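Chemist: Sequence:
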Amino acid sequence: MTLTDSLVDFFLETRKHTENICEPLEIEDYVVQPIVDVSPPKWHLGHTTWFFEEFILKPHFKGYMIFDEDFSFVFNSYYETVGKRVVRSDRGNLSRPSVESVYAYRTHVTQAIKNLFSATQSQELYDLLEIGIHHEKQHQELLLTDIKFILGNNPLLPIYSDSFTEHPIETESQEWISMDEGIYEIGHNSNAFCYDNELGRHKVYLHPFKISRNLITNQEYIEFIEAGGYKKFDVWHAEGWDWVNQNGISAPLYWHSIDGVWHNYTLNGLQKVTPKAPVTHISYFEAFAFAQWKGCRLATEFEWEAAQTNFSWGQRWEWTESAYLPYPFYKKADGALGEYNGKFMVNQKVLRGGSVATPIRHTRPTYRNFFQTSLRWQYTGLRLAK
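Using UniProt numbering, the first residue of the sequence shown is number 1, and each one after it goes up by one.
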């Protein structure tokens, strides 16, 4: 199999998976936007398509027929270089274009990419296609978590799917892994795909530390709640304490106490909380407060990367104590793609690992996810360090 064949197959597999995620939806689900952070499913379908059209087909496919001139305005996300766009908070107002039209747009662009790559292309184009594939995989996770937020805020708490497993059981006993002090190399170091924020491999000095083998479970987190963790100002950052009180936070997102028993909304519907499953849908503020309550702390992203071969990961995005900053030698790409990561390196915390919603072939030990400290609609969890 040639590079072209394997990459195009990867592209087609990725495009199909996005549409499979949307298969359980009703037509009314496609346009809902409950909060600014959540985008309607229809927008994800269009935006991931626009990426291929804007960065590959328009500049590199002679004779390509643009599907609809207005779609660049509708489906551009944050690329200032490309031009004007719909304000993020207004994506839920897009009753048009129709869902049918967006699926037709996907078909049009997918076929055009197949046609373009039916012939051998430059390495630059192969690299752009690979970035586009992984960009869509990122949106597959966002699509799934956005769908969960949409349905989880519907008063009927409808079931999305009976087959999706959100809450794997922690089967290993909790114990501490000791890591020696020393100099460790951090960052991506292979020819496989990575994002630019993983580059700039460099050395860091780490003091001796310990990191927990397992993620914190729901049962452990319930103990924090029952001990009054959300009422103990001294385990919270000042900003986190304000967030708790201003928003009336008393449990992870999607949790409901029914007759004294904790339930949580899942993609399988409302269910009792699984005690031995890793806690999820918590903010950095909550992860920090829990660690403080336990007399521990969160690992830095460097400690996590140095230790990750010693434990299982990939069920929850794990909050770290590291601010999202560029590595030494980081260089932002020229043009629009330079907006992909660099301009977000402020006021965010790094998360490591992956989650039950992360698509296959999209995780690696050097992956640096990042979110603002109050956000918790992703599958976020925590692992203790000391």
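Just so you know, these hints were derived from the structure itself, not from any lab. All values reported here derive from a predicted model rather than from experimental measurement. Watch out, some of these pointers could steer you wrong.
Here are the in silico distance ranges between beta carbons for each label pair [claimed, not checked]:
1. 104 <-> 185: 22 to 28 Å
2. 155 <-> 66: 25 to 31 Å
3. 332 <-> 183: 25 to 31 Å
4. 203 <-> 247: 38 to 44 Å
5. 155 <-> 242: 51 to 57 Å
6. 130 <-> 58: 17 to 23 Å
7. 202 <-> 239: 25 to 31 Å
8. 9 <-> 175: 40 to 46 Å
9. 233 <-> 175: 29 to 35 Å
10. 310 <-> 161: 29 to 35 Å
11. 58 <-> 185: 36 to 42 Å
Cβ coordinates follow ideal geometry from the N, Cα and C atoms, glycine included.
Chemist: Work down the list of hints and note, for each, if the structure agrees.
Modeler: Cross-check of the supplied hints:
no. : hint                    : in the structure
1   : 104 <-> 185: 22 to 28 Å : violated (48 Å)
2   : 155 <-> 66: 25 to 31 Å  : violated (41 Å)
3   : 332 <-> 183: 25 to 31 Å : holds (27 Å)
4   : 203 <-> 247: 38 to 44 Å : holds (41 Å)
5   : 155 <-> 242: 51 to 57 Å : violated (29 Å)
6   : 130 <-> 58: 17 to 23 Å  : holds (18 Å)
7   : 202 <-> 239: 25 to 31 Å : holds (30 Å)
8   : 9 <-> 175: 40 to 46 Å   : holds (42 Å)
9   : 233 <-> 175: 29 to 35 Å : holds (31 Å)
10  : 310 <-> 161: 29 to 35 Å : holds (33 Å)
11  : 58 <-> 185: 36 to 42 Å  : holds (40 Å)
Of the numbered hints stated above, those contradicted by the structure are hints 1, 2, 5, listed in ascending order.
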